[in-house]
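Asker: Chains as they are written, first to last, in this note's numbering: chain A, 1 to 540; chain B, 541 to 926.
Possibly wrong hints are sitting among the right ones.
Here are the simulated EDC-like pairs of lysine to aspartate or glutamate, each with C-alpha atoms no more than 20 Å apart in a straight line [to be verified]:
no., chain 1, residue 1, chain 2, residue 2
1, A, 512, B, 721
2, A, 115, A, 70
3, A, 525, B, 795
Far from chain A, some chain B residues (derived; all Cβ distances over 10 Å) [said to hold, decoys possible]:
no., residue
4, 559
5, 573
6, 575
7, 589
8, 647
9, 678
10, 728
11, 745
12, 749
13, 782
14, 790
15, 792
16, 824
17, 869
Honestly, the hints are just simulated from the structure, not real lab data. Here a beta-carbon is modelled for each residue, glycine too, at the ideal position from N, C-alpha and C.
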Amino acid sequence: MKAFIRFSIALLSLFFILGTSQGMAAEDPALKEKISALAEGSYSDRAQAIQSVAATGDDRAVPALEALGEGLLFIVKSDKSVVIGLDEGATVETFDPVTGDSLGSVPSGAVDKIKVNNRLRREIRSALGALTLLSDDPKVRLAAAGAIFKSKDSDSIELLDTAIAKETVESVKLAMQEARAAAVLNSSRDMAEKQAAVALMADRGNQSALAVLLNAKGSAEGPLLVDIDNAIAAIEKSLAIWDLAQNAWYGVSLGSVLLLAAIGLAITFGVMGVINMAHGEMVMLGAYTTFVVQDIIRTSMPGIFDYSLLIALPLAFLVSGIVGIIIERGVIRWLYGRPLETLLATWGIALLLQQTVRSIFGPTNREVGTPDFLAGAFKLGELTITYNRLAIVIFSLLVLAVLMLVLRKTSFGLRMRAVTQNRRMANSMGIKTNWVDAMTFGLGSGIAGIAGVALSQIDNVSPNLGQSYIIDSFLVVVFGGVGNLWGTLVGAMTLGVANKFLEPFAGAVLGKIILLVFIILFIQKRPRGMFALKGRAVES
Amino acid sequence: MISKFILRGLDGRLTAFLIAALAYVVLIAIGNLFIPEGSFLHVPTYAVSLMGKYLCYALLALSVDLVWGFAGVLSLGHGAFFALGGYAMGMYLMRQIGTRGVYADPTLPDFMVFLNYKELPWFWYGFDMFWFAAIMVVLAPATLAFVFGWLAFRSRVTGVYLSIITQAMTFALLLAFFRNDMGFGGNNGLTDFKDILGFDIQSDGTRMGLFAASALALCLGLIICKAVVASKLGKVLVAVRDAESRTRFLGYRVEHYKLFVWTLSAALAGIAGALYVPQVGIINPGEFAPANSIEMVIWVAVGGRGTLYGPILGAILVNGAKTYFTGAIPEIWLFALGALFVGVTLFLPKGVLGLYGMLRQRFEKTRAPRETKRTADPVSQPSEAE
Numbered sequence: 001m002k003a004f005i006r007f008s009i010a011l012l013s014l015f016f017i018l019g020t021s022q023g024m025a026a027e028d029p030a031l032k033e034k035i036s037a038l039a040e041g042s043y044s045d046r047a048q049a050i051q052s053v054a055a056t057g058d059d060r061a062v063p064a065l066e067a068l069g070e071g072l073l074f075i076v077k078s079d080k081s082v083v084i085g086l087d088e089g090a091t092v093e094t095f096d097p098v099t100g101d102s103l104g105s106v107p108s109g110a111v112d113k114i115k116v117n118n119r120l121r122r123e124i125r126s127a128l129g130a131l132t133l134l135s136d137d138p139k140v141r142l143a144a145a146g147a148i149f150k151s152k153d154s155d156s157i158e159l160l161d162t163a164i165a166k167e168t169v170e171s172v173k174l175a176m177q178e179a180r181a182a183a184v185l186n187s188s189r190d191m192a193e194k195q196a197a198v199a200l201m202a203d204r205g206n207q208s209a210l211a212v213l214l215n216a217k218g219s220a221e222g223p224l225l226v227d228i229d230n231a232i233a234a235i236e237k238s239l240a241i242w243d244l245a246q247n248a249w250y251g252v253s254l255g256s257v258l259l260l261a262a263i264g265l266a267i268t269f270g271v272m273g274v275i276n277m278a279h280g281e282m283v284m285l286g287a288y289t290t291f292v293v294q295d296i297i298r299t300s301m302p303g304i305f306d307y308s309l310l311i312a313l314p315l316a317f318l319v320s321g322i323v324g325i326i327i328e329r330g331v332i333r334w335l336y337g338r339p340l341e342t343l344l345a346t347w348g349i350a351l352l353l354q355q356t357v358r359s360i361f362g363p364t365n366r367e368v369g370t371p372d373f374l375a376g377a378f379k380l381g382e383l384t385i386t387y388n389r390l391a392i393v394i395f396s397l398l399v400l401a402v403l404m405l406v407l408r409k410t411s412f413g414l415r416m417r418a419v420t421q422n423r424r425m426a427n428s429m430g431i432k433t434n435w436v437d438a439m440t441f442g443l444g445s446g447i448a449g450i451a452g453v454a455l456s457q458i459d460n461v462s463p464n465l466g467q468s469y470i471i472d473s474f475l476v477v478v479f480g481g482v483g484n485l486w487g488t489l490v491g492a493m494t495l496g497v498a499n500k501f502l503e504p505f506a507g508a509v510l511g512k513i514i515l516l517v518f519i520i521l522f523i524q525k526r527p528r529g530m531f532a533l534k535g536r537a538v539e540s
Numbered sequence: 541m542i543s544k545f546i547l548r549g550l551d552g553r554l555t556a557f558l559i560a561a562l563a564y565v566v567l568i569a570i571g572n573l574f575i576p577e578g579s580f581l582h583v584p585t586y587a588v589s590l591m592g593k594y595l596c597y598a599l600l601a602l603s604v605d606l607v608w609g610f611a612g613v614l615s616l617g618h619g620a621f622f623a624l625g626g627y628a629m630g631m632y633l634m635r636q637i638g639t640r641g642v643y644a645d646p647t648l649p650d651f652m653v654f655l656n657y658k659e660l661p662w663f664w665y666g667f668d669m670f671w672f673a674a675i676m677v678v679l680a681p682a683t684l685a686f687v688f689g690w691l692a693f694r695s696r697v698t699g700v701y702l703s704i705i706t707q708a709m710t711f712a713l714l715l716a717f718f719r720n721d722m723g724f725g726g727n728n729g730l731t732d733f734k735d736i737l738g739f740d741i742q743s744d745g746t747r748m749g750l751f752a753a754s755a756l757a758l759c760l761g762l763i764i765c766k767a768v769v770a771s772k773l774g775k776v777l778v779a780v781r782d783a784e785s786r787t788r789f790l791g792y793r794v795e796h797y798k799l800f801v802w803t804l805s806a807a808l809a810g811i812a813g814a815l816y817v818p819q820v821g822i823i824n825p826g827e828f829a830p831a832n833s834i835e836m837v838i839w840v841a842v843g844g845r846g847t848l849y850g851p852i853l854g855a856i857l858v859n860g861a862k863t864y865f866t867g868a869i870p871e872i873w874l875f876a877l878g879a880l881f882v883g884v885t886l887f888l889p890k891g892v893l894g895l896y897g898m899l900r901q902r903f904e905k906t907r908a909p910r911e912t913k914r915t916a917d918p919v920s921q922p923s924e925a926e
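Excised from the complex, chain B in its bound form:
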């Protein structure tokens, strides 16, 4: 049944995407590991990590699109789920350091020794095992999302109000994780990781593996999202997005649908965070900053909301531009980002992917003005009303 559920989403476009992703990973792997350094085709390891980072962002953007594009829930707090997943992974990586830390304490991470902890706090138990950390990567953000969503959707907090309280949520977590006595390393966060699953985290092979894992996670995430969207559940979600009250009056338990997709989205964001942390080598409370969460939304908006492919494209485009601008002309970056927010919302309401549809529509209109009944846009359109 599950396979049938999954297969429903597996159309030609998705298959093409998956094959392209596979080819991409294989090419990068060959370029990084087998083509010698100095060759024109060699892909340096830092570039692999950078691309791995973008893929994590893409997965994160996908998770935002799932709730915003299909359920109409604009989350300004997805950074919190991302960071929680990252912290879960970071805790595992901290425990792996063992006696190689500065203070060489076999159980306590360096910062705890520094802060005079006598023993490991209870919530750090189990993180020396990868399987436990892997479960927590999904469970921690999903639990937060479930509780938060259960409260919010049940009392019908919608639209802008929901956006504002998600922002308050991530802000509260930001403040909390900044505290030293929370036991998560305070404002320095978790860093100085040594190895993951026994592999040296700095080595080319591990970096390549993490990149491939990110690509795999993105593909799996896309398959899951696609399946959800293609199912009857997905159709109800779109109905909720476009006319919430009407859907409720038709007898659907709107809050259940929203809660499911909200929790799923948080779990995906958590996975993205977990893959992100070993590739950048640090997780700190800055990831909870409300500004980060808003930036995620713009990736989705740039790529095209409610398309699933768009956010992936948007995340990679925006972050690529960010990497370039902050390196080359840093003063320009915030101008560019600000202009992007304004420009996309005003002129590209359907994002870059929508642009293609819009242009085609216009082109066909001029070519065959009598053919007016045609609806050329296969992309589902977000409604204008909330």
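Chain A on its own, in the form it takes in the complex:
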């Protein structure tokens, strides 16, 4: 009960905030006076007082009325003011009935409980209904219906009937009907009405409807029990399907993250054959570029914060791309044909980059904000889909598509493929292979930087960001098949979805281990991945 009152008080402060934002006076003496009237006079006087409070139509009176109904409204003897109180034995913790502000503890002798009888309780209930279910604000009505759905208060059925009859907003009406069904199942109404309620619950078909039905099952008998059992079975079945969909969505979401992390590697490793262990650090550089961009925007022009990611994208591409080109020109080009040495040298570069970032930005996580249009979530049936995850899925596919276009339709892509397939021949045809090498590596690194911008939205931006992706991305590329972008897509999605489907059975860590072992075994079977390049290049 105390918790309930605290909740009401919290609700009150919420209404209060809403109220002020609508331009209402913070302190409303008229309302206060009406609430004070609740404590005085005969029962019939007070019944009138309740009606007059209800007549204000002011939501802020709700907690006071609720407290009165629960016997938690007190009158302070010294100044005759009315407070909401929580009886704690020797003392009473008091709150302002309108604002919900704490007024401190007083000895229990200093206050008197305001007594109510059944007639007053009825008045209070209808007054509350009028204030909440019949409120002008559809949000308040929806919240009230939700509260009754949870409490399954059978006394509110008549009120709900009135409210439903008056209701004009379809979604609120639905919520009220569901609340009514839940209340009916909890009441002593007749069988036919209860069966209708069960049918309504079965239509709703979510977790809370299931809870209502399971709760009602205990007291049900005869045909009603059969109905409830059927409804429960139907709901469980549909929930299982939604569960599947949920896992699939999480899997696709994880897969898109893997895809983003791996896609640049598919260029540097897959197309060029360079083992770039510093790939993860390119992602990290992209994420830190986002941080720097947002930092500058925050301090100099906060108005364009929503566009920060769009500004960060090309910058991250440039930063990571240029660092990549420097690495290629400075180190990797001396090591072509020695993949294992390349691996070691790029690992060293990874350490250097990590430590550089750590020295500049510190070892702790950096806060990267989410623009407003990416915040929040929407519901699709029983699925909750957050906008930033959805954006990452779309973005990863977009990056893949653009990359494929670059490789297939541009002259740079043509040269790149020529150099990959036959370096000396390409050189003889007048392609500057050195330049193509540097640009290809820059492209792969730049894409890693773009991935960093996206991943900064869902992961911690710290110097270790890259480390957590490097093994996964290599596995994705190797699993999908080196030198094949489609393979990378299929590999990332397969691993993502498989991971999320294993999690409920095996737990997150064991699921990951199972996947790693699976990939190790898979590579034994198909050493060149799912979509292997065929031809002479394979045996090089």
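With chain A fixed as given, assemble chain B onto it according to the hints.
Answerer: Positioned in the frame of chain A, the structure of chain B alone reads:
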């Protein structure tokens, strides 16, 4: 026959190394145990343990060199074998604690009591006996290596692909050992050891003994590796490293040779881990971290790949530098390590030992430019192609 096999590797250089190692151990022992504290020549016990640790790393580096330098298999997962050997030893040391633990349970180690284990998991049986633990130190990593290698080499997973799946292997083990319900102490690992073979693990004498054992293990490991490399098997391995397909076409079962040397290497790494754990007093899943395994490779690269002596030198040099830098100027260490990776691969492809050969070659070229046919480099050269 075995003695003949061993003796083949025992050339003048190895003998000199063994004598130097013996002298080193004896000097340290005298410095630690007989020269009183406060004397200039006294070697404090922590230094003995530190050197013992380096020797374990040296043995580990040797095992990496055996597969990388001679068979061309770059393992990024040798930390897994090292840690498995360490865990086997750690389990023995845990069982030795007995009733002296916090919960004073005669059979269950503290962490199991803490995690509400009712009885000892089956894989902990036998670890109260040293001989059993000693066998497992070799057997556990060797079995893993055998199974892994059998699968990988048979299906001809080579080069970078092999490196990546060895990394995946150690990463999977890292995750597995982090789990509390694996029964290996979760992320705290195994620690609070009391004694080994009845000797107090903290005492100077035991520490000295462990140091000497590490030196002995390193020498034995070197003798074995040298013998393997000097035998016909070693020559085939070098052939596999330089031209795998050609060796296969000549009729050698490449995968058998690789599998043998891979398993042997894992066993050596396991022994190194087992000697390492009592000297540092803890083993936890962090040892499986992929970054550790890559660091091992750089020891080998710094010292000189394919030389057997080089990795020993490299392990001691790099770890000495690490101890110094992480103590004195910690921010610098990762810069130094990163630069080491880049610098060694670019400028010192044959490591520090190779540097000597390279300099001598250059020197002799300038002195006698007509003598061009000379091949002064006795160190076998790793090929550039994979």
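Asker: Each of the hints needs a verdict: does it hold here or not?
Answerer: Against the structure, the hints come out as follows:
no.: 1; hint: A:512 x B:721; verdict: 16 Å, holds
no.: 2; hint: A:115 x A:70; verdict: 10 Å, holds
no.: 3; hint: A:525 x B:795; verdict: 16 Å, holds
no.: 4; hint: 559; verdict: 34 Å, holds
no.: 5; hint: 573; verdict: 40 Å, holds
no.: 6; hint: 575; verdict: 40 Å, holds
no.: 7; hint: 589; verdict: 27 Å, holds
no.: 8; hint: 647; verdict: 27 Å, holds
no.: 9; hint: 678; verdict: 23 Å, holds
no.: 10; hint: 728; verdict: 16 Å, holds
no.: 11; hint: 745; verdict: 39 Å, holds
no.: 12; hint: 749; verdict: 36 Å, holds
no.: 13; hint: 782; verdict: 13 Å, holds
no.: 14; hint: 790; verdict: 17 Å, holds
no.: 15; hint: 792; verdict: 18 Å, holds
no.: 16; hint: 824; verdict: 16 Å, holds
no.: 17; hint: 869; verdict: 12 Å, holds
In this structure, none of the earlier numbered hints is contradicted; all agree with it.
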